[in-house]
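Chain residues, written in single-letter form:
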Amino acid sequence: MADRAQPLSLPLRVGAGAAAALVLALTLGTLGAVLLRAGGASALGAADWAALRFTLTQAFVSAALSVLLAIPVARALARRRFPGRGILITLLGAPFILPVIVAVMGILTIFGRSGLVNDGLAALGFGRISIYGFHGVVLAHVFFNLPLAVRLLLQGWLAIPAERFRLSAALGFRPGDIARHLERPMLRALLPGIFVTIFLICLTSFAVALTLGGGPKATTIELAIYQAFRFDFDLGRAATLAAMQLLLCAIAAGTAMRFSLPSGFGAGLDRPVARWDAGAATLILQDAAVLTLGAAFLLAPLAAIALAGLPQLAGLPAPVWHAALRSLGVALGSTAFALALALPLALAVAQRRRADLLESLGMLPLATSSLILGTGLFLLLRPIASPGDLALPVTALVNATMALPFILRALIPAARDAHEGYGRLADSLGLAGVARLRLLTLPRLRRPLGFAAGLTAALSMGDLGVIALFADGERATLPLQLYRLMGAYRMADAAGAAVLLLALSLGLFWIFDRGGRADADA
Amino acid sequence: MLTLDTITVRQDDFRLSADLSVAQGSHVALIGPSGAGKSTLLSVIAGFFPPASGRVLWQGQDITGAAPGTRPLSILFQDQNLFPHLTAAENVGLGLRPDLRLAAGEHEAVSRALTRTGLAGMENRKPAALSGGQQSRVALARVLLRSRPLMLLDEPFAALGPALKAEMLDLVAEIAEETRATVLMVSHDPGDALRFAPDTIVVADGIAHPPQPTGALLDNPPPALAAYLDVTPPSGR
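Listed in order, the protein sequences are those of chains A and B. According to this note's numbering, the first sequence is numbered sequentially starting from 1060. According to this note's numbering, the second sequence is numbered sequentially starting from 4.
To be clear, the hints were calculated from the coordinates, so they are not data collected in a lab. Note that the structure is predicted; figures quoted are calculated from it, not measured. Glycine included, C-beta positions come from ideal geometry on N, C-alpha and C. Any given hint could turn out to be false.
What follows is a list of derived Cβ distance ranges for each label pair [claimed, not checked]:
id, chain 1, residue 1, chain 2, residue 2, range
1, B, G135, A, M1245, 29 to 39 Å
2, A, M1245, B, Q81, 44 to 54 Å
3, B, D65, A, M1245, 32 to 42 Å
4, B, Q14, A, P1220, 28 to 38 Å
5, B, G135, A, R1140, 29 to 39 Å
Here's a subset of chain A near chain B, in silico, CB distances under 8 Å, partners left out [what the hints assert, rightly or not]:
id, residue
6, L1241
7, M1245
8, L1246
9, P1472
10, D1476
11, G1480
12, Y1481
13, R1483
14, L1484
15, S1487
16, A1491
17, A1494
18, L1496
19, P1502
20, R1506
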């Protein structure tokens, strides 16, 4: 017999209420501020409709390609054991915290005009291909989202009970029978959700479009918002575009919620399932080829950056180091703020019976334009500070808000477990208030808190968004500095800065995540 | 004396009513088919589940609306009686001060309670490093230290083997003796009830009946209890 839900304690109600109000103000409030300042929405021109079309097309193609290519890779990972399998699966999680600008640079090194692939094509007598525009944007999105799709699908494969495969083997199933009876039903259940999730991620893409897209034929809505601000200072058009993007994302997010996704962040993904059906030499060769190609696609750009950048690291100019310090400050501030916002929300959501309004509210930033968020904050804060002084704090605030959905997804299940497993024991002992936070909540949430902090710090460290709008030369973050170096064709320094940024992002994630795991023996 | 004054409990289709008293210092078993509401009744007394109507009284004082931690009782659940990230001593210390800021004398009291339950020297072990029986002893040490007048046991020893379970029940009896506690114990085993509890509350068909002598009840069970115990009720009476 389950308990009836207990009312939330007063401090938690106040904390969660304040956090919810802040999230609302930061997402919808900032959009309102921009609209108000613009004196209302403006009509959209032909270029804006082209941006909408391009956004939808590239997101659709990117998501479809990512999902389709992920199927053979995930299947190969699920049914093979080989040395380095665990490391490969861990690396598949890396693109999520990889600074976009670094990845773009890596992709350019391999696929760009003078990259390895084009050199190969030229040597074979073919013409060189350009990756700027539609192709480049899709390529970069597949680079980021293929690994995500593989991890989610791999969870699906590993969720098929090992006993089913044993039974299949006992009944003499061939690979075709396994596919029909076990794999296709699982894929049918998971693919729509994974597709919509990636579609949603690609909808709001900014940094990829900024670096590889642009021009009338390859501008996303988010990039159009940037241009409306930066080149035309047309706040009305920017706000209208942002409202359009919000609507688009809300529809996509609403659709995504109707599909199931594997839960969690892939705990136990390196457990291989015993398979008796995949011993044929052709299948082994096929899987080996798929895994080699997949790993090369993922690792070659990063390896190229590392090779080019490591020797440059020591000779980096002073502004790059200063930018790195500023970025570290932004990342740490952003992490602290994001956790302060997320913790009361997660605890309040965990004590409710069903998913409710509060949880949806925490997901709102997924649909929000970070550029509008930043601009709205500038407009709201301008009376009390100068824009230059605001660049870094506003960036930290925006990064924290944008990371909120991911933090909540990590925290809520753990908070729910802690509440359901130990809430009654704590109540019966009168464990309340700060003591409860110190002795029950924080210790039980330590791992997801560490993970969430690492995620936020890494995302904030590598973010190239709002900062591109407002920072002057004195206040550039490391990703912006890197973007400027690339724009000035100082490729040697750019490669060095990219390695530095990569090391800092991954390092921040590693330190926080490690801190959450250390000594966590129960 | 614990009094359940015309209590009714409702959740969806489930109904349970109780109108009974338990004398101070007595040991009472709760027996009945699974799903009848034995655990729910303990939840109502402990304050985890508000009754739809009626009052819970302790020594004549109404505690129906009191927070669980402030009630004059200690409860042991089926599982999750210890926090896995805290040591045995910390888990016991929570019984003295929920914020664990213990004075020197209180640390000593914790050690004494652990020694009393046979766990001397295991203060710094976490639950994962203790056996099932030892984990039960830690929880009992905390009950001993809290020394509340009412002890509720919701089958905390169900996962232990028969010998170990008997050992724990003996320890419960000793602790109840030392703290002069009234004990209410959910049980699936008539043998446990006979050995430990002179009186038994039968929970069946939506009603928690007032305590009756356990021996007579088991010799001559009412139909619902007979079906549960899998014996034929005596006929012709």
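**Message:** If you test the structure against every hint from before, which numbers come out violated?
**Reply:** 2, 3, 6, 7, 8, 9, 10, 18, 20
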